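> Here's the letter readout for the chains.
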Amino acid sequence: MENNPSNRPSISPAAVVVAAVFLLVSVIGVNWFTSFVPAVLPPQASAESKSVDELFYILVIIGGIVFFLIQGMLLISVIAFRARDDDPGDGPPQHGNPLLEIIWTIIPALVVIFLAVISYQVWTQNSEPKAAINMVDGEEIAINVSGARYAWTHTYATNRLDADGEPIVINSGDSLHTYIGQNVDLRLQTMDVIHSYWVPAMRVKQDLLPGNPATGGRPTELRFTPARIDGVDYPQAYPIVCAELCGDGHGRMRGSVVVYEDESQFLELFYEPAIHAILNPPADPVLRGEIVIQEYICNSCHVLDSLGWTGSTGPAMNGIADRAGERVPGQSAEEYIVTSVWNSQAFVVPGYTEQMAAFGPDQLDAYYMEAEQLYAIVAYLCTQGEDSDCDLENQTEAIPQAISTVFGIDVDITFGRGESDESGAMADEAPEAAADESETSD
Amino acid sequence: MATIAVPLGAQGELQEAEAVRRPALSEYLRWSVDHKIIGVQYGVASFLFFLIGGAMAMGIRLELWTPDLDLMVSGSAYNSLFTIHGTIMIFLFIIPMWAAFGNFVVPLQLGAKDMAFPWLNAFAFWLIPPAAVVILLGYFVSPAEAGWTSYPPLSTLFSGDGQTLWALGAHLLGISSIMGSINFIVTIFNMRPPQMTIWRMPLLCWAVLATSIIAVMATPFLAGALTLLLLDRVAGTTFFDAAGGGDVLLWQNIFWFYSHPAVYIMVLPGMGVLSEVLSIHSRKPVFGYRMVGLSSMGIAFVGFTVWAHHMFTSLQPELRIPFMITTMIIAVPTGIKMFSWLGTIWGGKIRFTSAMLFALGFLSLFVIGGISGVMLAALPFDIHVHDTYFVVSHFHFVLFGGSVFAVYAALYHWFPKVTGRMMNERLGRIHFVFTYFGFLFTFFPMHVVGMLGMPRRVAVYAPEFQHWNQVISLSAFVLGFSTLIVVYNVIRSYNHGPIAGANPWRALTLEWQTTSPPPATNFVDDPIPFEEPYGYGTEASAAYLDAVDQAFRRSR
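Going line by line, the protein sequences match chains A and B. Note that the working numbering has the first sequence beginning at 540, numbered continuously upward. Note that the working numbering has the second sequence beginning at 4, numbered continuously upward.
I should point out that these hints are in silico values taken from the structure, not numbers from a laboratory. Keep in mind it's a predicted model, so treat the numbers as computed, not measured. Take these hints with a grain of salt, some might be off.
What the hints assert, rightly or not - Covered by chain B, according to a simulated footprint, are these stretches of chain A (three or more residues, beta-carbon under 8 Å): (1) 591-598; (2) 631-642; (3) 650-664; (4) 722-736; (5) 743-750; (6) 771-782.
Ideal Cβ placement from N, Cα and C applies to all residues, glycine included.
This is chain A alone, in the form it adopts within the complex:
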């Protein structure tokens, strides 16, 4: 039985050989590892993604060395130090080696300090507030993101004014539109629970935290700058994912970031058409309703084949106009639909629960809905069915009458002052790449 009486560390030639083999295997192995890195990460669509990936690359190299070192020592141990069947004896009574123990305390400590330092550098570089944020037409604008179960809503507070002198707000639904080089700075606010806004291709993520609406909520910020990827045809769409459990439809809470090649493409394909559509809404309330209803998050819960909605937690809206007149005794079809939008808990369809948000003219952000928008939405929903209970011939009177009866509010139906052509292409009809998920097609 070997007995090493001295406490001094002894390094045998075999150990040196073994160490050399480890080193060789680690170098080859780590090289092999790192060749996979691009394949296991999404596209690098932002400036931030490049520095995060470089950090990850370093982590993989260091982690790879540790991995091969330990697995290698383990493998050698189980092969070399396997007890022979006829050997009932013990191993050498080695109790430790102070030098080795110091080494394997100090070296990992130095490594993690190194990692902390480079992580800190990447972090400060990526999270630093930037000048000239959300530049459009040479001016900064505000881009707000609202998260509500289970959909994102993006709104652009533009510097343009409408006919009444009010600033125009573009609602682009669950799509964020930006262009390469724009310093995006989003203001995020949740309407209900905690959500987390994650754009994998940008390597950014930020939680949305419930705040007190009376004191302006609790907005959080997210910053990134889209970068060019060679060989990509712009505009290109990248998924937005909700990363914090928010309830039944958490997995369906997605959206897309549409990146345009440059500012002029952004203006041409998204911004200007959107403003034009707002300034020149179609005169036909049904056409207008089709646009307006997609600015809200109805698609997160309801099914409606004609718009490609695939929600599951709310009642289907297919053929709603056929049923609307028979749901609640004494209510006309128009009155029923009006009530279902602004006072959704008044009648809960059997088999469903009271989860729909209260939309209305007094609500904040994503739940704010003007009477004119309600009018258009009802006009659109009245066409969803084969044998509508609504008074389709006489919509301009029947629906305002219903709103007035139920809520006592008069509706101004004189929108559509401008050209009443078919140019009502809203934001979301901007081209999106094929890689986009189906939900983003609204």
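Position chain B against the provided structure of chain A, taking the given hints into account.
Leaving out everything else, chain B in the frame of chain A:
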């Protein structure tokens, strides 16, 4: 050189009848204050919960076979599935499972006749069944579906009554955990034999001590958080409701102040098991005993300073850096353990028993969890993979590749002592192969889907991840199947396994210096421990073990 102390005394004349008598099965169903009975009660109960939680994991993997919601009736049903899976695995499986081994083994290792507070010990155990019933009763109302982390306001304003039951059940389990831990601390400090200084204590006792200190210090925070949650839910308070002046991050801070240390509650005892098993089955002293013992304390201490890394995407940006640094530091004591274990087996004479295979499996898998842990500590990278399958992968490498593998190692190692019979080694090896590879191919690919963009806790995911998920699900079914092998092995070995004898592994710690199973009072006389718990490879230790062997052979 100390004289060879052989722990015989009256031991040699152990009553033959009692020496081989196993407690009747009915004794396990009754109130008992015997730590050995309670240990088995903990073990069997928590293993049953492991099977239930495992079946739920199979349900999760079945649902994720396709990118759409098809198996479950709703997203909520899926949410409650992983919520209860996580709750069961953490609160009803791993934590009580370590109480099982701690209860059975620690008093024996200390040469004590029982725990310090036998009645409290029994009471702590008997809180677990009602707590489980309360949590599972949620299925009769609307089960908790806010994840095991139960973040408000999802868990307050947007959840049904099952969430209240969940909080009540977790409360009971916290009480049980605190009582059990106080018992361990008092036992370990007061009931060692005079010859066993704290520096001669087996490393499992060190690990259980560190774990118990964490549990006693951290669990009251869980209790506080749960109390606030319950008040918000049933009494109309607004601790977590912003509209009433509350703050949702309050929950996250208090919850993680408990739940991060709780990760070490779940894994430190496994590390203690590893020190025992690796040393005994490679016939070599634990390399750097003091550093291994102290690193448990180091992990316990640093573990209290890292909680907010769970909040990297919600915390104020300037507060994130300090928590990144503390999180990285905790890799150092963990690394000390890893290298010390490798130093322990290096140059030893390794016996590939099933216990040893699982301990080696722990080493091989836990290192991956450690590496991904450091990656997650790196704030900019964490931002990308936070709340994704990368995290799911990471904590399963730590809690399954770590804790569960250590549970299996402990099972194969101490089963002979508990039942007096050996486990079937061939089945043990088959079990190991299925578990190791089933585990690896289940959880390693999760790193990749997470990095590519799949968040955790979703029943509906982007179709491009389907192939990955099918590989994961298939492997998970293999992993699930492997559990049946060990169930069969335990039942078969309990009835037909070869008689183990007092000390089948020729181990030096005191639990092996009595019959298997031990008599009601554990030792007839106060046992005298060998001068060091892992002093293998010396003539003195060989003489000690021979003397013990002969004494027990004679007594039969």
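> Each hint needs a verdict: does it hold in this structure or not?
Verification of the hints:
With a cut-off of 8 Å between beta carbons, the stretch 591-598 of chain A has 4 residues touching chain B; three or more are needed, and the interface restraint holds. Only residues whose beta carbon comes within less than 8 Å of a beta carbon in chain B count, and the stretch 631-642 of chain A has 8; three or more means the coverage holds. Using a Cβ-Cβ cut-off of 8 Å, 8 residues of the stretch 650-664 of chain A lie near chain B, which meets the minimum of three, so the contact claim holds. Chain B is given as covering the stretch 722-736 of chain A, and this holds because 4 residues of the stretch bring a CB closer than 8 Å to a CB of that chain, at least three being needed.
With 7 residues bearing a CB less than 8 Å from a CB of chain B, the stretch 743-750 of chain A meets the requirement of three and the coverage assertion stands. For the stretch 771-782 of chain A, the stated coverage by chain B holds: 4 residues have a C-beta nearer than 8 Å to a C-beta of that chain, and at least 3 were required.
The structure shown violates none of the earlier numbered hints.
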